[in-house]
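Student: Letter by letter, the chains look like this.
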Amino acid sequence: MSVARTVGWTVVAVVLMALAVPWFLWGSAGVAFGLPVWLWWHIGWMVLASVVFAVFARTDWGLGVEGVH
Amino acid sequence: MADTALQLGIVGAYMVVALAVGVVAYRLTDRSAEDYYLASRTLGTVVLLFTTFATLLSAFTFFGGPNLAFAAGPEWILVMGLMDGIIFAVLWYVLGYKQWLVGKRHGYVTLGEMLGDRFGSTPLRVLVAGVSLVWLFPYVMLQQKGAGQAIVGLTEGAVPFWVGAGGITLFMIVYVAASGMRGVAWTDTLQGLFMLSLVWVAVAWILAAVGGAGEATAALAETNPEFLALGGGLYSPQWMLSTAISIAFGVTMFPQINQRFFAAESKTVLKRTFALWPVLVLLLFVPAFMLGAWAAGLGVTVPEGSNVVPALLAQYTPTWFAALVIAGAMAAMMSSSDSMLLSGSSYLTRDVYRPLKRVFGEGETAAEDAREALVARIGVVAFATLSFVASLYTPGTLVQIGDTAFSGFAQLTVPVALALYWQGTTRYGMYAGIGGAQVFYVFHVFPVVETLAGVVGASVALPTAYAGWTPGIVGILLGLVLTVGVSLVTSTAPEEKPAVYRVDGVDAD
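Going line by line, the protein sequences match chains Z and R.
The opening position of the first sequence corresponds to residue 1 in this note's numbering, with each subsequent residue numbered one higher.
The opening position of the second sequence corresponds to residue 70 in this note's numbering, with each subsequent residue numbered one higher.
The following block holds chain Z by itself, in its conformation from the complex (with noise of 0.2 Å):
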């Protein structure tokens, strides 16, 4: 169970890290709102991380870490 969940979270922060450039809009000029389309991405990206991050603290903190030998 507990090798099922680290995997799962491992996925999660590889997958957190590929897409936190994104690497789809490459050369992408695109303007909105005042701002860079890409610029957009990295905003909303890094609030989704900051909630991912909230509830790993929350469910599964330890993980990986607590009593590994």
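Some hints could be false.
[Unchecked claim] Reference listing, derived: stretches of chain R covered by chain Z, where coverage requires no fewer than 3 residues with Cβ under 8 Å from a Cβ of chain Z:
1) 271 to 283
2) 297 to 309
3) 345 to 352
4) 472 to 478
5) 515 to 527
The hints are simulated quantities; they were obtained by calculation from the structure and are not laboratory data.
Cβ coordinates follow ideal geometry from the N, Cα and C atoms, glycine included.
Starting from the known structure of chain Z, fit chain R onto it as the hints suggest.
Tutor: Leaving out everything else, chain R in the frame of chain Z:
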């Protein structure tokens, strides 16, 4: 001239207030090492969050970053977001929480102490502290350089560079000698909140003057359309990833950050800091770096050897406000530097001086304790003075200097992580991993090979990148291979305690 007096008055007044906070904290600090260096492990959420944050509030953020956005486009925001908001937060959990648990159980104050105990190795302890002090040097120098440039930029050259750099040096020496972790953490908190507010006021002020973000961005699209497109120029995917990873890894091994892993009051404090981190990073870097990028569209001219943010402020905001921002930025650099010097002095006394003293067979007497405190203070004065002198002569931009230091620290991260989680790690694995990666990286930063080859008349140069990846990243991989490889072929020495890092969550409560 009246302007210069006003500007210097504001900068001076701010510094005095910052110093007063340090004095109050000093009166509350007892002289035990755990209190002096770790505030007795009692830092709460707000203070821990901001004192960690404040180490980001450095010359790198206020001057180096916006300069880069001004010259190459605002994608630097993404690099900092990935590195600081996400990778660092993950490392905060994986390394920081683990170190906190281990440190709480065994009473460690420094990284070197933690590793030296586990591997039963004083040389390892000295090596880790020595490597850290070496890379701390350029980063302290970066703050002094930033302060010198700030004063030059603010007063348009009326006050010379060395006054700013020298002034900040003097301040931080007094500060570290007078205050301990508590004073440093308190001023960090005040300055963090103050600077974060000022950055937003500056953005509001400038955008109001030019007619809003839409106008400012449109102006940028006219002059530098390539800045708005993601990537291009300096920003290749490899460069962005290399920089983000090496800085994030480096940040965790900075003495002042790493030591904060030991200083949290409780598990809850670590959790909250972890969750708030990405948002705090967002709130700081987006406005700071967009200022730099917009300045390019607004046709701001930056004098040689100066920085874009002061130039922009001088053009769009009143003198007193620009001076206030510069005062805040200088105070922020000071607070980064005093954190660094404080942690550096704990590394010096506990991990270098104490083991050497033991070699010469001296005991732990009251006279010895007093001498150790003296060594710590002399060390701080010598370190800060040398880096000040170096800041007067060293070329290189703020970002280059900062990046060099970060990547140097980053070489420590993988061996430390392996030590924390893999009991198969051996003493020799650590020597090889840390030593090998450092040698590799140093050879790429300093022209050692080129010079030696020149002596025998050959022309050899190491590559500056490996398929687009920086030597910093290649060094990290090398550290991984060496630590694992050598650990596998060597056996655990009898003095090693592989199980010492086994901790349960129960310890935390």
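Student: Do three or more residues from the segment 271 to 283 of chain R put their C-beta atoms closer than 8 Å to C-beta atoms of chain Z?
Tutor: Coverage by chain Z holds for the segment 271 to 283 of chain R (3 residues, Cβ < 8 Å).
Student: Count the residues of the segment 472 to 478 of chain R whose Cβ falls closer than 8 Å to any Cβ of chain Z, and tell me whether that reaches three.
Tutor: violated (count 0)
Student: Count residues of the segment 345 to 352 of chain R with a Cβ under 8 Å from any Cβ of chain Z, then say if the count reaches three.
Tutor: Held - the segment 345 to 352 of chain R has 6 residues with a Cβ nearer than 8 Å to chain Z, which meets the minimum of three.
Student: At a Cβ distance under 8 Å, does chain Z reach at least three residues of the segment 515 to 527 of chain R?
Tutor: violated (count 0)
Student: At a Cβ distance under 8 Å, does chain Z reach at least three residues of the segment 297 to 309 of chain R?
Tutor: Holds: 7 residues of the segment 297 to 309 of chain R have a Cβ under 8 Å from chain Z.
Consistency with the previously given hints fails for numbers 4 and 5, ordered from lowest to highest.
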